[in-house]
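> Letter by letter, the chains look like this.
Protein chains: 2
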Amino acid sequence: MSKIKIGLFGFGTVGQGIYEVVRKSKNADAEIVKICVRSLDKPRAIDRRYFTDSASEILENPEINLVVEVIDDAQAAYSIVRSALLKGIPVVSGNKTMLARHLPELIEIQKTHDVALLYDASSCGSIPVIRNLEEYYDNDLLLEVKGILNGSSNYILSRVFDHEESYAGALSQAQALGFAESDPSFDIEGYDSLFKLIIITVHALGTYVAPEEIFTYGIATIHDSDIRYAREKRVKIKLVAQVVKVSEEHFTMFVMPEFVTPDKYIYSVDDEYNGVVIRGECYDRQFMFGKGAGSLPTASSILSDIMARLHDYRYEYKKRNYIQKPDYTTDITLRIYARYSDTDIRGILRFERIREQYFGEESNYLIGDIRLSELLAKREALRGKDVFLANIPQFFLDRDH
Amino acid sequence: MSKIKIGLFGFGTVGQGIYEVVRKSKNADAEIVKICVRSLDKPRAIDRRYFTDSASEILENPEINLVVEVIDDAQAAYSIVRSALLKGIPVVSGNKTMLARHLPELIEIQKTHDVALLYDASSCGSIPVIRNLEEYYDNDLLLEVKGILNGSSNYILSRVFDHEESYAGALSQAQALGFAESDPSFDIEGYDSLFKLIIITVHALGTYVAPEEIFTYGIATIHDSDIRYAREKRVKIKLVAQVVKVSEEHFTMFVMPEFVTPDKYIYSVDDEYNGVVIRGECYDRQFMFGKGAGSLPTASSILSDIMARLHDYRYEYKKRNYIQKPDYTTDITLRIYARYSDTDIRGILRFERIREQYFGEESNYLIGDIRLSELLAKREALRGKDVFLANIPQFFLDRDH
Numbered sequence: 018m019s020k021i022k023i024g025l026f027g028f029g030t031v032g033q034g035i036y037e038v039v040r041k042s043k044n045a046d047a048e049i050v051k052i053c054v055r056s057l058d059k060p061r062a063i064d065r066r067y068f069t070d071s072a073s074e075i076l077e078n079p080e081i082n083l084v085v086e087v088i089d090d091a092q093a094a095y096s097i098v099r100s101a102l103l104k105g106i107p108v109v110s111g112n113k114t115m116l117a118r119h120l121p122e123l124i125e126i127q128k129t130h131d132v133a134l135l136y137d138a139s140s141c142g143s144i145p146v147i148r149n150l151e152e153y154y155d156n157d158l159l160l161e162v163k164g165i166l167n168g169s170s171n172y173i174l175s176r177v178f179d180h181e182e183s184y185a186g187a188l189s190q191a192q193a194l195g196f197a198e199s200d201p202s203f204d205i206e207g208y209d210s211l212f213k214l215i216i217i218t219v220h221a222l223g224t225y226v227a228p229e230e231i232f233t234y235g236i237a238t239i240h241d242s243d244i245r246y247a248r249e250k251r252v253k254i255k256l257v258a259q260v261v262k263v264s265e266e267h268f269t270m271f272v273m274p275e276f277v278t279p280d281k282y283i284y285s286v287d288d289e290y291n292g293v294v295i296r297g298e299c300y301d302r303q304f305m306f307g308k309g310a311g312s313l314p315t316a317s318s319i320l321s322d323i324m325a326r327l328h329d330y331r332y333e334y335k336k337r338n339y340i341q342k343p344d345y346t347t348d349i350t351l352r353i354y355a356r357y358s359d360t361d362i363r364g365i366l367r368f369e370r371i372r373e374q375y376f377g378e379e380s381n382y383l384i385g386d387i388r389l390s391e392l393l394a395k396r397e398a399l400r401g402k403d404v405f406l407a408n409i410p411q412f413f414l415d416r417d418h
Numbered sequence: 018m019s020k021i022k023i024g025l026f027g028f029g030t031v032g033q034g035i036y037e038v039v040r041k042s043k044n045a046d047a048e049i050v051k052i053c054v055r056s057l058d059k060p061r062a063i064d065r066r067y068f069t070d071s072a073s074e075i076l077e078n079p080e081i082n083l084v085v086e087v088i089d090d091a092q093a094a095y096s097i098v099r100s101a102l103l104k105g106i107p108v109v110s111g112n113k114t115m116l117a118r119h120l121p122e123l124i125e126i127q128k129t130h131d132v133a134l135l136y137d138a139s140s141c142g143s144i145p146v147i148r149n150l151e152e153y154y155d156n157d158l159l160l161e162v163k164g165i166l167n168g169s170s171n172y173i174l175s176r177v178f179d180h181e182e183s184y185a186g187a188l189s190q191a192q193a194l195g196f197a198e199s200d201p202s203f204d205i206e207g208y209d210s211l212f213k214l215i216i217i218t219v220h221a222l223g224t225y226v227a228p229e230e231i232f233t234y235g236i237a238t239i240h241d242s243d244i245r246y247a248r249e250k251r252v253k254i255k256l257v258a259q260v261v262k263v264s265e266e267h268f269t270m271f272v273m274p275e276f277v278t279p280d281k282y283i284y285s286v287d288d289e290y291n292g293v294v295i296r297g298e299c300y301d302r303q304f305m306f307g308k309g310a311g312s313l314p315t316a317s318s319i320l321s322d323i324m325a326r327l328h329d330y331r332y333e334y335k336k337r338n339y340i341q342k343p344d345y346t347t348d349i350t351l352r353i354y355a356r357y358s359d360t361d362i363r364g365i366l367r368f369e370r371i372r373e374q375y376f377g378e379e380s381n382y383l384i385g386d387i388r389l390s391e392l393l394a395k396r397e398a399l400r401g402k403d404v405f406l407a408n409i410p411q412f413f414l415d416r417d418h
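From first to last, the protein sequence lines stand for chains A and B. Positions in the first sequence are counted from 1; adding 17 to them yields this note's numbering. Positions in the second sequence are counted from 1; adding 17 to them yields this note's numbering.
If you're looking for bench data, these hints aren't it; they were derived computationally from the structure. Treat the numbers as computed from the prediction; the structure is a model and nothing was measured. Treat the hints with care, since some could be wrong.
Copies of the same chain look alike in the list, so a pair counts if it works inside one copy or between any two.
Straight line, CA to CA, 27 angstroms or less: simulated DSSO-like cross-link-like pairs of lysine-lysine [to be verified]: (1) Lys128 - Lys20; (2) Lys51 - Lys104; (3) Lys41 - Lys262; (4) Lys128 - Lys342.
With the rest of the complex left out, here is chain A (with noise of 0.2 angstroms):
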């Protein structure tokens, strides 16, 4: 075990964080050498002889003996990581954008140059899914990985049911305290939720789907009708991101928001927090809790894996090497609510079975199951549609796959 050796790219919230974990963590012997910035103008907190914009100042060091990468650009990301892996230089990264979009080539690199790669920064920040699945749930016999995976949309959701706030004034108090990005659609439309996701379906079942494949609904077009409808019905809206195996040969994925109701461990996870749920036929559910996001939850997660790389840990990806391996399916039935105005949902959405049907001078709801396919295939159909959608859960897991 030598001293680690870190440079660091980035410097916004999570960089300054890593900065100030490593520097507090006595025993930790590692040390930040040199930090590549963007613009060099800014002022900085810490001395001006850490900082260069020149990415090869790291890459080329012969010193530096982990990347940590903690950039918010996934393309300026990836190109980082690639090279940095390339040269047979580990790396630490918490970008989930580039790594759903990316793993699988990242993983033949980590193979082809013997050379590790890790991230548990990426999905739920401080709350070590990815390493638990890895390692303590190593084994054919789980089930479901599902939970709250963004704490943005969670924050906003907690603050429409938990405090009787409106959605948009929720929404400008989650950007007013940097939950939520300027931009918020990442984190409202589910995207943020579903890279999370297939990070841990790799880590979970070992297979690798990719985003486009996934069907990911957000709270964006959320009203105040499915609000006071969630209430009547005593459930909470959360989104929610899901893996389940549903027989033994399939299992599948989604991101959309769902009721939940007060007996499930979800209920309860509220503001900026996240909670995971991990399903197996002999432990029944283990439920984690902890803050997802924010700099210093994030920064102690990187510290984590920082300290791995100390003992030459890296993920081992067993599960992609199982013989009796799930394949993924859409070809399931879900029951949902959709709630629309004037759009002829009907025309859109081609249900297997309605069960409810209201119509209102607001708006109109019905309950119906359909095809997870249907979903998938139509979900540029909806977007901008006036139209909320929300799974009733439990159903599909009846069926008889």
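Mind docking chain B on chain A? Use the hints.
Relative to the frame of chain A, chain B by itself:
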């Protein structure tokens, strides 16, 4: 990675659970070769050829490369585990009593004989506490591990507080359901929690503290008046084990009933569940929750350890080698509730300050500040007395150290 060939000691509920999960896990390259039991005469659900009553038939079998020990008797378990390790055979054990008493020696043998001993199942069954403390919280940012570690006593308290049953009724119900042993003192006197806490502390802070140095107080003496008092204050009484850093140089630990307010995570850990809160300098609080006991949850945790052995995993006890390691202290002040009848409580316990006192026909209580060292010193003097103690938390954390 060669195939794991298991010699199993014990075929009670957990042993049978292990047989079940190993069989179910199609991708686990593991097989149970031989099972050592006390009596060969008992009828068994599986083929007789698996069984032996001679330990040496496992320990001398060169084909067997892993010993899994799940017998009740701590002394016998110690002798088996020690013998196996001394022969260089890796061991997976779930015996918390044995581990809590012999960890320092067993850690030493692991080092000198270059052999692994895994025991994630010993603490909180299916919740991966040890592994996470060892691997993920492998840094000195950890401030506290606190939780409900014993399912039986929690089941009883849960019946009392959530279902308004009497303590005696809840206890006999727990026994009927198999949650509590026929001699329940191990659970309700707090020793089960204590032993788990000792193991957790080795992996949380790198220090072993012997059972007799730790103040441990259970729920056996709880009265209706205590339950009424807690209900009036809108708190639940839970049996809580905790290890807490009280300063840069010191940590403390104890097991005792606690008044838990509804805003705490462990407030909602009900029935036979376990819940553990891990608090750190940067990640705030993380919460893990799941089934802490039972045949299959424990067995699936043991399966995780077996799978880990497929990849030559071992605990590295990294924190034991930290240069800056906090020392154990009982030199802190707690605020406690002490209910008593005829006992001269102030004759036994020297309080630093009495804050409230109540005298009633049925019972009396006082609330006061007391040194933990004083409680520990008077543990024996309190035994058998009609006294119930409960911690009123957060006080000692506000102290100057």
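> Work down the list of hints and note, for each, if the structure agrees.
Here's how the hints hold up against the structure:
{"no.": "1", "hint": "Lys128 - Lys20", "result": "both (24 angstroms within a copy, 23 angstroms between copies)"}
{"no.": "2", "hint": "Lys51 - Lys104", "result": "within (18 angstroms within a copy, 48 angstroms between copies)"}
{"no.": "3", "hint": "Lys41 - Lys262", "result": "between (42 angstroms within a copy, 15 angstroms between copies)"}
{"no.": "4", "hint": "Lys128 - Lys342", "result": "within (20 angstroms within a copy, 37 angstroms between copies)"}
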